[in-house]
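Student: Can you make the complete structure from the sequences, with help from the hints?
Each protein sequence line maps, in turn, to chains A and B. Counting in our numbering, the first sequence runs from 248 upward without gaps. Counting in our numbering, the second sequence runs from 122 upward without gaps.
Misleading hints may appear alongside valid ones.
In silico SDA-like cross-links for lysine to any residue, where the CA-CA straight-line distance does not exceed 25 Å [as the list claims (entries may be wrong)]:
1) A:K360 - B:R124
2) B:K285 - B:P312
3) B:K304 - A:V260
4) A:K266 - A:I281
5) A:K262 - B:K123
6) B:K156 - A:P409
7) B:K123 - A:I281
8) A:K360 - B:K156
9) B:K304 - A:L272
10) B:K156 - A:P415
11) B:K156 - B:E176
12) B:K285 - B:S297
13) A:K499 - A:S408
14) B:K123 - B:G135
15) A:K266 - B:K304
16) A:K399 - B:Y141
17) A:K360 - A:A450
18) B:K214 - A:S273
19) A:K266 - B:F210
20) A:K499 - A:W324
21) A:K360 - A:E449
22) B:K285 - B:L310
To be clear, the hints were calculated from the coordinates, so they are not data collected in a lab.
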Amino acid sequence: MNRLMVWYGELVVQKDLIKRGALFLSPGMLWLMIFLVLPGLILVVISFAGRGDYGELVWDFSLENYRRLMGYGIFGWAPDYILILLRSVWVAIFTTGLSVILSYPLCFFIARKPVRTRYLWLMVVIIPFWTNMVIRTYSWFLILAPELPFAKLAAYLKLVSPGMALYPSAFAVYLGMISMFLPFVALPLFSSVERLDWTLVEAAQDLYASNLRIFMHAILPQTLPGLSVGIILTLVPAMGMFVVPDLLGGAKYMLVGNLIQQQFGASRDWAFGAAISMGLMVLTMFSLYLYRRKNKGIELL
Amino acid sequence: MKRINLLVNTMALGTICFLYLPLMAVAFFSVNNTKYGLAWKGFTLDWYLKLFQNEVILHAAWNTLVLAVVSTLVSTVLGTVLAIGMDRFPWPKRMNTILDLTLHLPVVIPDIILAAALVVAFGFLRQVSSWFEPGLFSMIIGHITFQVAFVALVVRSRLISIGKDVEEAARDLYASNAYLLWKITLPLLIPGIIAGAMLAFTLSLDDFVISFFTAGPDSVTLPLYIFAAVRRVVTPQIHALSTLVLLVTIVLVALMERFSRKTNTK
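Tutor: Written as structure tokens, this is what we have:
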């Protein structure tokens, strides 16, 4: 159909316009198809394959990997993998929750500064956000070392035996995770807090609302857009994190990220790795679904 | 009220300490004159000097830079063209939804899944061509894949904010397609493109997971080097290296902040 249409004040045949548009779209879209969408689909297919004796893929389409993920092995049912999945969800939720609790005071603190210094304070939060994850994790590795006051204090309080570092432990993983993701919550939240209508808070105070009620009814609803972006930005990557648990948790605190890395690294079992990835993907999609039900679209930038 | 203010301020300052204390410790020990242990033995810049004589680290730094520069250049071009294609043509609604979803994929899925998918895809592609052996090339491809989406999102938001008025006016004055693109749209877009490129660059420097999965033995980057070193044995050189990376980050953030404020006030 050679429909004519006006576009940008120019009279064009619609077909030509579509062709021109496709020309713009194709390089980027082709790239994303070849290196993002297609590999993703292959990953789904592979999760139904098996592992050969030398780590090669065996095309025997079965649900074996998923059965294994659910804990059915040669020795009967052992819920190790399910525990790791649940633990990852728990760590992600805990990290997000504490990050939110710590982010509110931080954002109020910065928002109350005069404009001139406000951006300096904001930069103070942005710098760790952009500092490489490995370096930030390593810095925790260092500060929890046995020679430093924190480990000595813990030893004094009989929490660990003297001369021991505070890692590897669940505690170290939590510390690392929260410091890693706190800026992910704080920065989107700040954009909401900065625009907060303080007259509503004052009105609530005039009406003798308790602090908790002021927060719940005057502050929380107004900051919800920034808060929900922050939560999703934290929750999703926190579930797949593997650097922090690897360095700070050791074998003591495995998360699903480590499990996936193990299958693609040392164990060389791509098929099982793909199945675990699918498990993580389902968890991610589920949290995104919950998020989308509350918010209309995903606006992350 | 005063009590609440005090509480908020203490908590905020405490949080900032929580973020910075570990980083400060790294910087502090990077100038400590001891090879083993963390006892203070006096000030030295030796570890920084040793850093610049360490072939492995220099090579890793070079890899990091090449990876970031090349992937940023390619992804900026791809992302910009993609954003123009998405925003400036009358696509049907369904097509727009598909484009949107594809673009948001790298933003919302955990990077470890993208990394796993890339490993598998490269595994297959390797049977076709030896180009896809783990190494710098495959790392560049991996980085471009997540950068493209971010660049496109940033550039598209700029396209939306500049609107179509100027372009329509140019068209009314008989500007050709090519003239419109080169002399009107792209110059207006420059701040958005630069912002997108800077984001892509920092994302590349910040990445660990994608690199870790797609790297070969000769393509170690700085984060990979530090990660491996921490698991093996830590030397004060690692403190010095981390401190330098931190300093570079501070400079980059300051530049970005400067730049984005300038474009906002324009």
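Student: Broken hints, numbered, in rising order?
Tutor: Of the numbered hints, 5, 7, 8 do not hold.
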